[in-house]
Amino acid sequence: MLRSDNQSPESPLLKVEDIHISFGGVAALTGVSFEVKPGEIFSLIGPNGAGKTVMMNCINGLYRPQKGNIYFDGKLISGLSPHQRAAMGISRTFQKIELFGGMTVLDNIRLGRHIHLKSGIFSGSIYVGKTAREEIESRKFIEEEIIDLLEIEHIRNHITGMLPYGMQKRVELARALALNPKIVLLDEPLAGLNLEEVEDMARFILDINEEERWQITCVLVEHDMGVVMDLSDRVMALNFGEKIAEGPPDEIQKHPDVIKAYLGEVEELYVTRR
Amino acid sequence: MSPADEKQFPGEIEITRDLTIPKLLLKNAEKFGEQRVAMREKEFGVWIPYTWREYLENVKFLSLGLVSMGLEKDDKVVMIGDNRPEGLWAEMAAMCAGGIGVWLFQDCLMDEVQYIVDHSDSKFYFAEGQEEVDKALAIKDKCPKLTKIIWDDPKGMRNYDDPILISLKEVQELGRKLDREKPGLFEDLVNQGKGDDICLLFYTSGTTALPKGALLTHYNMLTMGQNLMRVDPSYESEDFVSYLPFAWIGEQMMSISCGLQVGFTINFPEEPETSQENVREIGPHVMFAPPRLYEQMTRTVQVKYLDATWLKRKAYELAMKIGYHVADLKFEKKSFPWYWKLLNYLAYLWCHEKLRDHLGLSSVRNAYTGGAAMGPDHFRFFHAIGVNLKQIYGQTEIAGISVVHRNDDIKFDTVGKPIPETEVRITEEGEIISKSPSVFQGYYKMPEETAKTLRDGWLHSGDTGFIDGDGHLVVFDRTKDIMILRDGSKSSPQFLEARLKFSPFLKDAWVIGDHKSYVTAVICIDYNTVGKWAEDRGITYTSYPELSQLPEVYELVQKPVMEVNKTLPGPAKIRKFVNLYKEFDADDDELTRTRKIRRTFVEERYKDIVDALYSDTDTIHMDTNITYEDGRVVQIKTDLKVANVPVTEGT
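Chains as they are written, first to last, in the numbering used here: chain D, 34 to 307; chain B, 5 to 655.
Read the hints as simulated data drawn from the structure, not as lab findings.
You may find that some hints are simply not true.
List time: in silico BS3-like cross-link candidates among lysine-lysine, alpha-carbon distance up to 30 Å [claimed, not checked]: (1) B:159 to D:173; (2) B:449 to B:146; (3) D:173 to B:173.
I would like the entire structure built from these sequences, with the hints used as guidance.
What follows is the structure, given as structure tokens:
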């Protein structure tokens with residue numbers, strides 16, 4: 034796969050260091066560390082309850098780990114709130130769709146763009162000069178880049194809550210892209226989709242990752258092993274809040290601990306399933 | 005029937021043997037220049053206009069680009085993709101350089117693409133984007149004459165580096181370079197063209213055999229457009245929406261034959277999925293579509309009606325009652341009293357106007373249907389809401405059209421009267437034959453077929469029909485499709501099918517009964533409407549096969565069948581029917597690309613069903629394969645129920 038190597042591979046875009054988080058007596062993550070290099074698709078896998086979504090929430094700022102540091106683009110972000118992290122270029126989608134069901138698709142996407150709009154309430158109400166330019170800029174970005182890429186022209190004015198599930202998932206991705214992020218955290222983007230929708234979504238993930246215009250680094254949490262192994266550059270496996278393996282997909286598939294975590298015994302069936 | 009006597013229309017041009025389509029384009033660009041919009045495309049949510057000047061520039065450099073890559077006179081250029089400006093530019097560019105355009109249906113499978121590209125000896129292949137490029141790359145080794153594949157949508161093309169590929173922009177760049185080297189070359193090339201040169205090679209859908217390529221000249225195309233407009237003139241200020249496949253002659257007829265002569269604006273929708281919405285935004289003045297599109301519209305209205313509130317339903321019922329009454333009076337050519345006019349106007353205000361607006365028909369002056377039979381019920385529906393829907397009859401081999409309804413002389417069981425300069429006759433065997441300046445030059449590389457179809461300048465259609473007392477042509481059916489019933493009388497399966505399809509729950513029907521003791525039907529339910537109907541009633545199902553076999557659905561389908569039976573004579577009544585476990589699909593060769601049933605093929609394929617319909621069994625066990633668009637094949641095992649329709653003998 035083609036990668037832009039303008040940043041040296043040694044400097045990670047995202048660095049997670051020794052994360053500990055527990056809810057009451059339950060340790061959700063214990064001492065997990067990893068690095069995500071710019072331009073790669075990095076997947077988190079593991080059985081249910083392994084701590085994958087908790088990790089996403091820590092990166093994105095919804096949870097505060099009790100111990101450990103997270104660096105983004107070389108800066109320590111552990112102390113920042115989610116919206117500050119979003120402004121730095123971290124966006125995400127959710128396992129369960131978190132769109133505004135009563136709003137149109139276009140409004141939902143615009144909301145993702147909101148963080149970049151600088152005009153205040155007064156200039157906004159009279160819509161002159163800079164504000165108008167900013168709005169046109171934002172419209173151009175949404176229409177020409179996102180809607181065209183994700184092929185959602187025909188639903189742009191539909192109410193989001195009325196759309197089929199697969200389409201809503203696509204709108205979630207659209208909203209995440211509207212932020213113009215450097216990294217996007219995709220929490221089970223394929224869950225609940227039919228075969229055709231899975232193929233479309235996988236293609237979109239590759240598009241935003243490879244297309245020169247975007248080149249977004251992706252952190253992917255996903256249960257569909259076929260897709261994970263096809264798309265990912267590197268995979269990390271979690272089990273009961275602990276990191277059990279990290280490496281390229283083909284190594285992970287053969288890793289005895291991973292197979293054990295999935296099946297409770299050494300058998301190659303599950304993780305190698307395509 | 006002798007040609008109609010309509011003479012010139014305002015703004016008519018003189019069509020000489022020297023005039024070609026590219027010359028007309030040059031003339032229009034000179035006349036309208038930057039002043040008028042030649043075409044619009046909706047892109048990124050806004051309508052982007054192209055003036056006649058820009059249209060010509062794009063065509064010019066594309067054409068010169070093709071020349072510099074080696075296009076010579078009479079070379080074939082094949083095109084595939086959605087309706088979009090680039091598609092039309094490519095077609096015009098090929099014609100300007102003396103080439104011949106060949107269009108493929110966008111959903112053509114690999115085999116069909118390969119057959120047509122190879123048979124037509126195409127040298128260049130215009131693809132829209134990745135999907136079409138993939139098809140071309142897959143067949144290029146089997147089509148050695150193909151030299152270049154040109155694409156215009158960069159999406160997904162980042163990893164393609166086959167040297168046979170080139171982007172449309174690069175081709176235009178080559179054209180610009182050639183233009184700088186040899187200024188005036190383009191105009192010379194256009195001026196070399198003659199009206200009797202072949203401009204299009206049109207592959208007919210072929211319900212029986214392999215597709216045949218009909219050769220049409222500039223003169224054929226232009227005279228056809230002119231003669232149609234002598235009946236129904238179009239004006240340069242008007243809008244037309246191009247969203248049906250260019251591989252269908254009807255779309256060429258409007259966009260090229262008529263469009264270039266009057267210079268109206270052609271509008272291209274954003275995506276195929278948005279076309280209905282985009283049609284509504286434009287509000288076209290002229291429209292030509294096959295019956296299935298109008299059938300879809302009535303289905304939409306009927307379904308929305310079922311969903312509406314009580315008050316809205318009542319308002320609709322009343323408005324339609326008035327509309328139907330007025331339409332029937334018009335059909336009978338009776339004058340109607342002022343109070344009916346008033347009532348109709350009120351119905352227009354509270355219902356018809358809104359309906360027409362939602363269907364995108366609010367400013368349509370002439371709506372045409374053609375290519376297949378349309379049921380009288382659909383016809384009445386459109387006239388009831390005040391849409392001037394007219395039937396067109398013609399073949400690809402006569403550049404699209406030879407017979408059409410006139411305003412205020414519409415009978416829904418006929419197709420109207422011949423257009424000017426066109427003669428239509430019925431042979432002793434009952435076959436419809438016609439003669440006009442638009443009759444094609446023959447089939448490409450098929451002399452026997454040509455000799456069979458074209459005799460002494462008369463085009464033999466293969467359709468059976470007659471001319472009624474008012475001088476209207478009535479098309480009974482394809483000669484080979486006509487059913488002989490048990491009492492020896494003849495019946496048209498297409499007619500029965502069209503009647504059945506007025507029910508919003510039926511998507512397709514296939515009527516069987518030739519030389520059988522009774523008539524039967526195979527029904528394809530409409531997954532969307534029946535699915536919604538079932539959901540509203542709390543009936544659960546998981547898939548099309550399951551839904552189609554539910555007893556409730558059988559009851560639902562039986563109603564329209566009995567409704568149609570009421571109007572039929574005893575032997576023609578449908579006695580038994582089966583709900584098929586899938587919809588008919590062109591990818592399975594069951595339909596042509598223009599959605600006509602390929603009877604011989606389905607009879608062969610569903611032999612078990614036909615046998616069961618004419619025996620005493622009430623279930624049929626099926627074990628077959630379904631082909632998906634990407635070529636995957638899936639096995640289907642299911643049981644089909646045979647339903648007996650209660651029939652009272654006699655009429």
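Is the hinted pair residue 449 (chain B) and residue 146 (chain B) satisfied, with a Cα-Cα distance of at most 30 Å?
-> 19 Å, holds
Hint consistency between residue 173 (chain D) and residue 173 (chain B) [alpha-carbon to alpha-carbon, up to 30 Å] = 22 Å, holds
30 Å limit on alpha-carbon distance, applied to hinted pair residue 159 (chain B) and residue 173 (chain D) = This hinted pair holds, its Cα atoms lying about 18 Å apart.
Checked against the numbered hints above, the structure breaks none of them.
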